[in-house]
Amino acid sequence: MAKEDLWREAREAIIGGDEDKARQTARRAVELEIDLNEMIERGYVPGIQKAGELWEAGDYFLPELIASAESMKAAMAVLRPGMSGSNIKARSLGGVVIGTVEGDIHDIGKNLVAALLQANGFEVFDLGADVKLEKFIEKAEAEKAGIICLSALLTTTMLNQKRFIELLTVRRLREKYKVMVGGAPANQKWADDIGADGYAPNAALAVQKAKRLAAT
Amino acid sequence: MNDNIIDLARKRTVLMDGAMGTELMSRSLPQDACPEVWNIEKPEIVQEVHLSYYKAGSDVVTTNSFGGNRLKLAAHGLESRAYELNCAAAALARAVKPAGKFVAGSIGPTGKLLKPQGDYTEEQFEAVFSEQAQALTDGGVDFLLIETMYDLREAMAALHGARRISPLPVFVTLTFNRTPRGYFTFMGNSVAQCVLELEKADVAAYGANCMIDSRDMVGLVRAFREKSYRPIIAQANAGKPEVCEDGSVKYSQGIDDYVRFIPDLVKAGANFVGGCCGTNPAYIQKAAAALISMK
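Residue numbers (the working numbering), protein chains in the order written: chain B, 1 to 216; chain X, 1001 to 1295.
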């Protein structure tokens, strides 16, 4: 099987939310000893990006999005052990700590961003949802991450994004980290108002923004 | 023994109330607090909100029990108080209900997902909603309103759970997004699909609330009306929330623009109109005036 055919199958597995097919294609890639970074970039990433586009177009809904994200996770779980440590480090654009702020349990969008960041070469530390603000800092310090991403879906919990930047400032760590914010109620004006370094309205643009921030 | 709400809806447009959470917050409910706790700790404030809506012209107020299911209460460590908080919500509203008006028991979503996306089964959801419905019924509501449902399966679980123990009428409203292909819930349920299920279950009144403003709600009511002969319920948001620099929240649809579409909602086929997020007694008062001027 040519690697291009495997890339196509990988992409289809993600778009179709087919976890088994995602795992199978990943195992095949490892067996065939093809370039696994390429497999991710040319196979799985276009798949999850397509799923994101379909969600924005109103063609995919939560069940489809979740199935695609789970398939992505399944594929990455198979591939990561197959990628050597030095391989990962060399590609790594740096560490990213991501989570949904405390008081907020919504995580589907955040999971999509985490999956896409990881697939695009960042080392992602996903803290989950309802994360205390100090935990973002603890993890970023421990893992020497460069970027911290905060998600919030409610106008009430969104304020924690503002509080987080204030907390970083008070701890004299503001210059050390790039802070990105996201979630349905957020927008560029909000990000500017609170002094965040970046905002993106969807996962694909979040990755682009993160790459630009990582380069500075 | 309560006068039949469906009979009223057949005679004229029924006016529901507006938002509760923001009214409590404007009376100093902390933003991360559990609103239902005030049914025990500050019932007079909750009653004040109900009275302000009745005074503004609401025929129906909905109880302060939107997040009162035990799965949601668990986030505050209050799951063991589910019965107490819901019963109190119902009783305090009933205590201030004027003659000829109604109290609806609000039942909102658990915030959890059913399998396979989440960890829960329909049976587990049904049990949780049954508990809540029991408490609201015991507390004396006139009917139950399952609302803000973004998953048709969860809505049906709530319906079954409620009907298992309560003889009261149970109405259902779901939450829809407007997409290029029409109105859909977050889980992808279409209006047609929802009507089909609700009709099969013989729900006496149903419709939509939340997420969209009153302008977009008109199209949604039309979509329901195309498929249904039942009384339709429509409670729109006052647009989208925006957080201002000082942390306060403003809603994007102003009161006049919101009320402008009330007659359109009725003409499109809504029998119950009210307000959801971002609305307050002033919105309801103007809506009441708009309804009167339609006569």
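The hints are simulated quantities; they were obtained by calculation from the structure and are not laboratory data.
The structure presented is a predicted model; accordingly, all values stated were derived computationally and were not measured.
Incorrect hints may have been included.
Stated by the list, open to error - Reference excerpt, derived from the structure (chain X facing chain B, CB under 8 Å, subset only):
| # | residue |
| --- | --- |
| 1 | T1179 |
| 2 | M1187 |
| 3 | G1239 |
| 4 | V1243 |
| 5 | S1252 |
| 6 | I1255 |
Where is the CB? At the ideal position from N, CA and C, for every residue including glycine.
Open item on the list: Can you verify the interface hint for I1255/X: is its Cβ closer than 8 Å to any Cβ in chain B?
Closed with: At about 19 Å, which exceeds the 8 Å cut-off, the nearest Cβ of chain B leaves the hint on I1255/X violated.
Task: Interface hint for T1179/X, Cβ within 8 Å of any Cβ on chain B - done: Where the cut-off is 8 Å and the nearest Cβ of chain B is about 3 Å from T1179/X, the hint holds.
Task: G1239/X as chain B interface residue, shortest Cβ-Cβ below 8 Å - done: violated (12 Å)
Open item on the list: Let's test the interface hint: is any C-beta of chain B closer than 8 Å to that of V1243/X?
Closed with: holds (5 Å)
Task: Restraint outcome when M1187/X is required to lie within 8 Å of chain B by C-beta distance - done: M1187/X check passes; min Cβ-Cβ to chain B is 5 Å, inside 8 Å.
TODO: Grab the minimum C-beta distance from S1252/X to chain B and call the hint holds if it beats 8 Å, violated otherwise.
DONE: Because about 11 Å separates S1252/X from the closest Cβ in chain B, which is outside the 8 Å limit, the hint is violated.
When held up to the earlier numbered hints, the structure conflicts with 3, 5, 6 and fits the remainder.
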